[in-house]
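Participant: The lines below spell out each chain.
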Amino acid sequence: MATAEEVAKAAERRDVRDRWLLSAPALLVIFLAATGPLLIVLVYSFLTPGSYGDVKWQFSPEAWIAVFLERDIFDDTLSIAAAHVTIFLRSIKLAVVTTIATLALGFPTAYFMATRSEKTRDLWLFLITIPFWTNLLIRTFAVLQIIRNEGIINTILLKLGIISAPIQILYTDTAILIGMAYVYLPLMVLPIYASMEKLDFRLVEAGYDLYATRFQVLRRIIFPMVKPGVIAGSILVFIPALGAYVTPSVLGGGKNMMLSNLIELQFGQGRNWPLGSALSIAVMIIVMVALLAYVRNAGKSGVRHG
Amino acid sequence: MAKNFSIKHQPGFTAIAATCFVVLYLPIIVLVIYAFNAASSTSEWGGFSLKWFQSAWQNTQVVDATLRSFQIGSIAAVLSTIFATMAALATTRTAPYPGLTFKYAAINQPLMVPEIVTGVALLIFFSRIKIFTGYSGIGYLVAAHTAFCIPFAYLPIRARLENMDLTLERAAADLYATPWKTFRRITLPLLWPGILAGLMLAFVISLDDVVITEFVKSGGQDTLPTYMLGQIRRGITPEINAISTAFLLLSVAIVTLFFFVSRKRD
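Heads up: the protein sequence lines correspond to chains A and B, in order. Numbering-wise, numbering that gives the first Met the number 0 puts 263 at position 264 of the first sequence, and it's gapless, one number per residue. Numbering-wise, numbering that gives the first Met the number 0 puts 223 at position 224 of the second sequence, and it's gapless, one number per residue.
Just so you know, the hints here were simulated from the structure itself, not pulled from any lab data. Among the clues, some could well be false.
Some chain B residues near chain A, calculated using beta-carbon distances under 8 Å [as the list claims (entries may be wrong)]:
(1) 6
(2) 15
(3) 19
(4) 21
(5) 88
(6) 96
(7) 100
(8) 108
(9) 112
(10) 113
(11) 123
(12) 124
(13) 142
(14) 147
(15) 243
(16) 258
Predicted model, so just to flag it, every value in this text is computed and none were measured. C-beta: ideal position from N, C-alpha, C; glycine also.
Construct the complete structure from the given sequences, taking the supplied hints into account.
Facilitator: Structure below.
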């Protein structure tokens, strides 16, 4: 006879087995079509480029050197690859500014939504969700129509006589910035709203009772309480902004390259797959550093307010 | 203190929020209006017309790309929802067990990686497989879409499971229902809104994808978004406005449905 303990243990073993069997298909698909290929990219970044794309199976650190340094074709000396550094800095700068811009616009918007009555809140949430699930390419295209030389902004300014010639916005860094802030705004609003919705306004009232000004209440009470949402929103905007492909290629017009365009170039015309792979891994490293900072920050604020 | 003092008020916030909502919708509205423009120029208004919708409808490339998008989207959505439902059952309503954190991380992994990186990773991986097997159909696109749709399908299903009451399942078990019977008669009907929401999210996400499809597709395998990207790069035509508008209406319809399904409480 099996004891009760043995029966319970067998049931638990069966449970564990069932849980792994149930999650197996999802894990397998993700490993085969997402995680696994990333490991191949890592391997490719240490190989020699083939003549017509792809690679020769020969170890070489050249691709990683080429990420930041340029080899002189005559005397083999290394100097800083100015073009790559410019693109890295531009991508990071645009991603950071996009994050700041969406935060500046998104924080008040989320606050506004969260302070509505229970009934109307759903409507505002719905209104912010629609652009979020609308095709990113279509939204980028919509921005293009607005900011181009014959677009509505320039037309209105010309008709009003404020400017005499259209302002060239399209195909500049500013265009990419406007486009990214536009398409990623809902990604900032939604997580801030989620933490704002749970905000206890009795604490705000207590703040006012103790003669705090509006700004003090915002900075010392509201902001610390929704900080996890702010950090989550910033991460959600920063990661896709850093690797953005559609917005820069539609609004930047190929002249103002970002990391994604540089990577694509190596797999297309450049035919330097190892360099493209090394650049991709470099992007991943920046993303992981950002995520790590997020996890540490989220952990800290969790302790403080939990 | 001021007369109408409201503790919830912050100066300027309402104005910024109003600006945000106007700015979010303005470009989309302009795009939709110009889709009905009779003029062939995209900057002048030449009266109301449906001719660009008609011309898109008669463009075989557009129709092909649309059908391919639907084909890939529906297969990927169904597969990813089934897998996500199974995974959600295995990762919710349980005490932490070894491997649970690993599963969460693995399921959400596609969300952590910029699309461009996943795109080139799949380009390398699938180009190797193409050489080995000689197969170059849409299977690669379906596999890629299924993978990145799983975390999205997983979200609403997990949320639904976590809020679910266990009493009915326990009662069923007490009445000698087999685990499978309990699942089919109790768990599944209760979980259904979550599954439906997951299915719709996965479908929209698959329809949306440009970057990964652009890198994975073989020649002649354009989906609607990659076809549109190619056209936009060549120059703006009113036909693109019409296609965008039709696409937009579809997304709005799905999101509206999603919103009501996922909000439904029992």
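Participant: Are there hints from earlier that the structure breaks, and if so, what are their numbers?
Facilitator: 4, 7
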